[in-house]
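Taken in sequence, the protein lines are chains A and B. Numbered per this note's numbering, the first sequence spans residues 29 to 298. Numbered per this note's numbering, the second sequence spans residues 2 to 224.
Do not take every clue at face value.
Listed below are the simulated BS3-like cross-link pairs for lysine-lysine, each with C-alpha atoms no more than 27 Å apart in a straight line [what the hints assert, rightly or not]: (1) LYS102(B) <-> LYS202(A); (2) LYS211(B) <-> LYS59(B); (3) LYS194(A) <-> LYS96(B).
These aren't lab readings, by the way, just hints derived from the structure by calculation.
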Amino acid sequence: MKSIKNHLSLVIALLSILFSMQVFVVADRSIDAYKETLAHKYSVVIVSQKTLIDEDILKINDIVASVEELKPDAVIERLNSGMSKKNMELLKVTLPKFYKLHLKYYPTPNEVKKLTKDLIGHTSIKKVEDFSHTHDTTYKLLLLFKGVVTVFALCIFVVTTLLIFKELRIWQFKHTERMSIMGLFGAPLWLRSAVLFRLAIVDAIIASVLAYGVFTYISMSPWILEQFTSIGIEIVIFDSVLDFMKLSMIAVGLSILLASMIVLGHKEEV
Amino acid sequence: MDKVIVAKDISLAYSDNETIINQANISIPSGSFVFITGASGSGKSTLLKSLYGALKPKQGSLIVGGVELSGVSKSKLNFLRRHIGIVFQDYKLVKEWTIEKNIMLPLIINGYEKNVTQNQVDSLLKHVRLKHQSGKYPLELSGGEQQRVAMARALSHNPILILADEPTGNLDDYSSGLIWNLLEGANIQLKTTVIVVTHHIPETMNVEYKHFHIEYGSIHEVN
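The following block holds chain B by itself, in its conformation from the complex:
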């Protein structure tokens, strides 16, 4: 099976003094569903940041989707990001755009035609149960609804990889359930690799998953 992520001896740090992840090795086959857990401040989000190129490894080799991220050029990084869907803990929605336009963003960037874009957005809005709110702006929605919009945006362009940082962190059961269903659906139906950083793995998961735990700067797989 192809590997979507291969990290060899990577060290991650924000400054020279403090290393967050120290000489870690990970290998994630495509189509996997992966949970990354760890205590607060252990480096879960830092690892996720490095996977979409927001933090370059201090040392080691990190290959995501076939792109070596150590010393990657801006154009190659943009190319990779166009094939990744990211869900942030703080949603990162464009406040001055309607939720419909927010969901459209990756499709616009990827140059999809208008009719394809509209059909895809309509379908996703139905899936996240927000069809009736399509013309609203993010700040007019609740936290759970905003996270559902962020989820729809991450799925809109059928990415090869979805990175989700605490996607259900502060959500009610209904929104959390929807988010997990969407992530599982993308993984089962579209064979999308899903990597979720979380404190708690849901008790009932309908997919087989890998589990990595971060502790004291090292990453180990939990069986």
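Next comes chain A alone, as it looks inside the complex:
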């Protein structure tokens, strides 16, 4: 019972680290997917006196994915109050040309500024509407969300790492007598510390397997999937191969690192 209790404290600490890491990964994936959705919806409108060739606009900035000319017919139709056909044609010719630029991805505020500057620099373009206020607000909201999740994950990581460190130290104190007896018979450091490493690795594996179970369950939960669908994004919440490998490596790597720090930092009794 005591032994299970010892294992539990390390397994729970490791599990919370893995949980915070995966939450961070899911948040990052969600933001990327949401940015992609926004990139489809977001566009920049330019006004030009002359007809522009698509290739010329594409050359202005790499971020521009495609150009769509906005037909003025609908606007002219609304203005049509007894205007002659001839005048209508004349108006069509004299009206400036409107183009909608679709972008390759959702840009940062700086990228929007640069794009606007590049476009204004073109001799034929007279006006650029980048909807920067709406864009900036949305972008900052996403950054804030990502920032909060990162800080949360980092805090959990630091606190639980300290807890694991302390737990391993307790283990080491428990094994000090045996380790010093082994030392008296010439056991090298790695052999004396083998139990500590074995316990740390076993617990890391247990925590990884538990994390696998929890995240597989979460990734299949209809309620969770519904939440993502409702905001129009589709992401992989938990990749059972890649994510599991990453989490296992983090858990095992961290346990070995902390165990090594304790073993190497321990002043040997001769």
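Go by the hints and put chain B onto chain A.
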């Protein structure tokens, strides 16, 4: 005859203020049986500690098994310790291991194969009359039985040198007799050098022995 221990002008101390052994010289040929006696607090155990590298000489040269212990590296010290068998007054058995595993410890450290290890342990358990208790833990045994386990552990890897600190200190006659028989046996049959720190030398010894006495920080051989 080769010397297993050569100490030249060694001084031993736990602090700068108090020197326990002062500029002592000892030379012990291999295969000897040696008793070190002295009053309580005279420095017998301190001298023994220095022989397995738990206390480095403050000054002088101390060579054990060909290894200079003044300023010895950890890996060299481990190497030396793998060829020494130590019997402690307080047994120093691993409480959470069975007595069988305790006896196996030096064999595991020395990398012996499992079948060799098992045969050696079985044979030693018979010698110390504890075969029937092999699965028990140290705290389930009496003091005498624990010391017999410690003795078996010290002999298990056929060391070149056995260091015993008061091995029969608080034991009954039966356990004491067994311990002395084992130490004599190792010395006669295996030519193992045996160094025993004790208050009293047994009256009947079947081996020739050297006797060093420690008094007022100096060591002298008793004829």
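Which earlier hints turn out false for this structure, listed by number in ascending order?
none
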